[in-house]
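K.L.:
The lines below spell out each chain.
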Amino acid sequence: MSGRCKVPVAVVAGTIVGVGGSQVAFAYELFDGCHYVTPTLKWKPALKSQTYLDEAQATAWAWTSTSTPISLTQASSGANVTLASGNWGSTEHDGYMRMNDGGPWYCGASGHWDQGTIAWLNTYYTDGYSSTKKKSVWVHEVGHSLGLAHSGEGAACSVIPIMAPETSDRYGRCSKSTPQTDDVNGINFLY
Amino acid sequence: MKRLILIAGVVAVTAFMLTWFVRPPADDTATGSRVSAPKDIEALSAGSAVVVIARPQGEPRVETVFNSPFMVQEFAVTERWKGDPPATLAVRMEGSPADNKDVSPQREYVLYLNPFEFERGVSTGQWWISGAGVDGIFVVDGDSALRIRHDPASPIKERQSIPSLRAAVGG
Ligand SMILES: [Zn+2]
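Just so you know, the sequences run in chain order C and P.
Sequential numbering from 257 applies to the first sequence in my numbering.
Sequential numbering from 930 applies to the second sequence in my numbering.
Keep in mind the hints are simulated off the structure, nothing from the lab.
Owing to the predicted nature of the structure, the values given are computational and were not obtained by experimental measurement.
Hints should not be assumed to be uniformly reliable.
Unchecked claim - If you want a taste of the chain C side facing chain P, the calculated C-beta under 8 Å gives, among others:
1. Leu309
2. Asp310
3. Gln313
4. Thr347
5. Glu348
6. Met353
7. Trp361
8. Glu422
To be verified - Residues of chain C placed beyond 10 Å of chain P at every Cβ, according to the derived structure:
9. Trp317
10. Gly358
11. Trp376
12. His396
13. Glu397
14. Phe445
Backbone N, C-alpha and C fix where the C-beta goes; we use that ideal spot for every residue, glycine too.
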């Protein structure tokens, strides 16, 4: 299982699709297929400083404006997704997705998240990032919240998804900060 | 006979799909965004302030960051390959001790480390495993070492000989 490309097999709507090479990415790879029950979602900010609010709103809009059913509306209560920023230290991760209880992801019995999720920016790194680079990390983490796994690492920039796992790759090499075709296909498969 | 083969095929495909869908929760690398990743063992070595062989000692403790657990485990250094670290190192790892059962005082580990910080340039006294806590920890297994964290995205080979790891450090 080592190497730049993940296993070149995706399970899509009950069909096994074998695909080779690095030209195709796989945002279809799911966390057990786990996702929210509805694509109509509320989000709230929980920010280290208000300087991150513009990026949080831009992140919500980046998903809402895709050709998918996803709608993320800012709300002060009942949020499904929290966009949070805080200092996790020098963990070499600039973003994390966590469940509301702080734990890593796990799926409810119904195949859906049974609690809210938190899309974190690690300010140890992101305080030094441009607005667009922050958004690249946050859109990626919210992709996890919506149910997408990593995919497309090292893919050509023309097809690399926002779910590529490394910021140096997704943003540094390919300047991606919004959902790409493969991400949109993944979401439309899930919702 | 053809029907039997067909049934066996369907069963195999279904079993494969089940394993795909019910694979156990992955570690944090499944949902974190990595700043970057070393492309090979030489890059991992070059990006680490310290490379040692060390053995866990004593009970781990847990520190939480935003309700997420991090385990801090003391290691006694038995060989220094790079840097001049103290005799014991407090190594910080993602997850609780239950998530890190593959770290055992019965075994020795090749560790690629950097000082762990919350504030740039200010050491906490703890060490972080290079390669996002994933790539830079190998368990010693005879003449070779096996990477114990299984990030499928990692380009670092899972099993390597001790001499080749040592050679990649240089010096
Ligand atoms: Zn991620």
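K.L.:
All hints are to be evaluated individually against the structure, with a verdict given for each.
P.N.:
Comparing the hints with the structure gives:
1. Leu309: 19 Å, violated
2. Asp310: Violated, about 19 Å.
3. Gln313: The hint is violated - Gln313 (chain C) has no Cβ within 8 Å of chain P, the shortest such distance being about 19 Å.
4. Thr347: 6 Å, holds
5. Glu348: 4 Å, holds
6. Met353: 4 Å, holds
7. Trp361: 6 Å, holds
8. Glu422: Constraint on Glu422 (chain C) satisfied, holds at 5 Å.
9. Trp317: Non-interface label on Trp317 (chain C) holds, nearest chain P Cβ at 19 Å vs cutoff 10 Å.
10. Gly358: 3 Å, violated
11. Trp376: At about 7 Å from chain P, Trp376 (chain C) fails to clear the 10 Å cut-off, so the statement is violated.
12. His396: 5 Å, violated
13. Glu397: 6 Å, violated
14. Phe445: Fine: 13 Å to the nearest Cβ keeps Phe445 (chain C) off the interface.
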